[in-house]
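K.L.:
Chains A and L supply the protein sequences, listed in that same order. Numbering-wise, my numbering puts 260 at position 260 of the first sequence, and it's gapless, one number per residue. Numbering-wise, my numbering puts 87 at position 87 of the second sequence, and it's gapless, one number per residue.
Careful: at least some of the hints might be erroneous.
To be verified - To list a few chain L residues with every Cβ distance to chain A over 10 Å, as calculated:
hint: 1; residue: Ile172
hint: 2; residue: Ala174
hint: 3; residue: Gly226
hint: 4; residue: Leu231
hint: 5; residue: Arg237
Unchecked claim - Footprint (simulated), chain L over chain A, 3 or more residues, beta carbon under 8 Å:
hint: 6; region: 30–41
hint: 7; region: 88–102
No wet-lab data here; the hints were simulated from the structure. Don't be surprised by glycine CBs; every beta carbon is placed ideally from N, CA and C.
There are 2 protein chains.
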Amino acid sequence: MSAPLAEFELIRRYFSFAAPRPDVCLGVGDDAALLRPPPGEQLVACCDTLVAGRHFPFGTAAADIAWKALAVNLSDLAAMGAQARWFLLALTLPTAAADWLQDFAGGLRQLADQHAVQLVGGDTTRGPLSVTITALGSVPVGQALCRAAAQVGDDIYVSGYPGEAALALADILAGGDGAGLRERLDRPQPRLQLGQALRGRAHAAIDISDGLAQDLGHLLSASQVGASLDLDALPWRQERPRDLAAILQGGDDYELCFTWPPEQALPATDVALQRIGRIEARAGLRCWQGGRQVDVPQTGYQHF
Amino acid sequence: MSAPLAEFELIRRYFSFAAPRPDVCLGVGDDAALLRPPPGEQLVACCDTLVAGRHFPFGTAAADIAWKALAVNLSDLAAMGAQARWFLLALTLPTAAADWLQDFAGGLRQLADQHAVQLVGGDTTRGPLSVTITALGSVPVGQALCRAAAQVGDDIYVSGYPGEAALALADILAGGDGAGLRERLDRPQPRLQLGQALRGRAHAAIDISDGLAQDLGHLLSASQVGASLDLDALPWRQERPRDLAAILQGGDDYELCFTWPPEQALPATDVALQRIGRIEARAGLRCWQGGRQVDVPQTGYQHF
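Turn these sequences into a full structure, and let the hints steer you where they fit.
P.N.:
Shown next, in the form of structure tokens:
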């Protein structure tokens, strides 16, 4: 049992940890943060909420909740090719228990330190557990990766191994411990290094939060193009048979899907990249398997 | 009854309204927004959450919830002397009902248009009703109003009529309709014009969200000073007897409290300003009434 804490004490004790970035003029503790955006760059801003029981299973460790809440936002910055700089945390929780908060702050700090992003402000409120993070970064003008810039003839690539988070979640919901893939669900790795390597060179990009088929569909719609997808090329590293539904409809992997001019060499990156299809002029997503076209539902995670 | 909506349709239908600002390069609809901060200014960022039943009474109109969620954030920008530019909305709601969303978007748009701020991104999730907004603005370097800059000998001023929101809330919780002050609770006016008029000239500022005594106490602690407060000077415009507890401990007014070098003339503003005390070297807040020092609890709204 740990005692409840006043908001100010709570913030001071648990959320004053981040190593100071030189571009933070005033961080946590005033009415707002004062930040110095790099001259000549665009500001990149995004915001995502995780709700207990919906975006993570009840009983998820506090450190993992914090990690994931930051990771999904850094993933959005990665999908724009941005450099991550700062974030704000809005934390709603039923009670301010010291041990839970210490674990939460620890998870947050671990990922923040990995990418040198600094917590600069936020709010703590009492209510049903949920975490909203706003991430801020920057990108040189004209180099951001947008959804709407795919071109006919582009190769389509995906990073990592989409589907593994869905396998973990299915196993947990069935009473298991995550089938050895719990970390893929709880601690996704935002692909910031990859996003920055792609910027100014890849044509379009999106991060896979709601499922490869659905998120690729958003990219195609935004770019007013279609695509052929080679199901046999989809990456898979599990020993069990390939689970196409997990790969195509499973969310929560936070890999990047991007389109790339075929004549260019791929950049060196810290993550596996796999060519999975090609952008075509005709709208829609056409899936191929063993040389035949097959029907694949383009649904994924539904927010409502 | 209105049908539930998919997230994408929901965003497209209700949250694509804002008049495009020229400093928004890419708004709602991609992985993140692309914004152009003004050269030579600091970025100002803050984030506040409203939880149903805690920060607004259950049954509050959707338009009022939206207004207040944006207002409390714009108020934080005002307290820094910033110009408001953009905001992100994280909306968690039990069901995506079209009529509720339409009202919510309407209230949001009303206040956003008044201050020419643009919705540039966010997230909609399913869960217990809560609203988190991140507001972004800018201020010329060196001109931000901080809590820690009060100087001994400064006059202390407050804008408007703190305490009216608390009177409204007390009446509603007692079954009334807000004692004619419902709008002061539901639709606070962020003092952006005042904040900008003060910047570079006032020494320290804070917005009153948790009660005048408590928030002024934060300013004093941050500045490592104390103050004398003249209770007889506290502004009050109601016909009923002055309610000192409402003025000093009532939250939710979002007026500004600031310290000002006494030799300078006050700026012309759109809101009443009242001198209520003076900054002193000795720590602590001393309250005076009818020439005698009186004890006043410095508590206010407690988040936990």
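K.L.:
Does each hint fit the structure? Answer for all of them.
P.N.:
Comparing the hints with the structure gives:
no. : hint   : verdict
1   : Ile172 : 19 Å, holds
2   : Ala174 : 23 Å, holds
3   : Gly226 : 18 Å, holds
4   : Leu231 : 25 Å, holds
5   : Arg237 : 26 Å, holds
6   : 30–41  : holds (count 9)
7   : 88–102 : holds (count 6)
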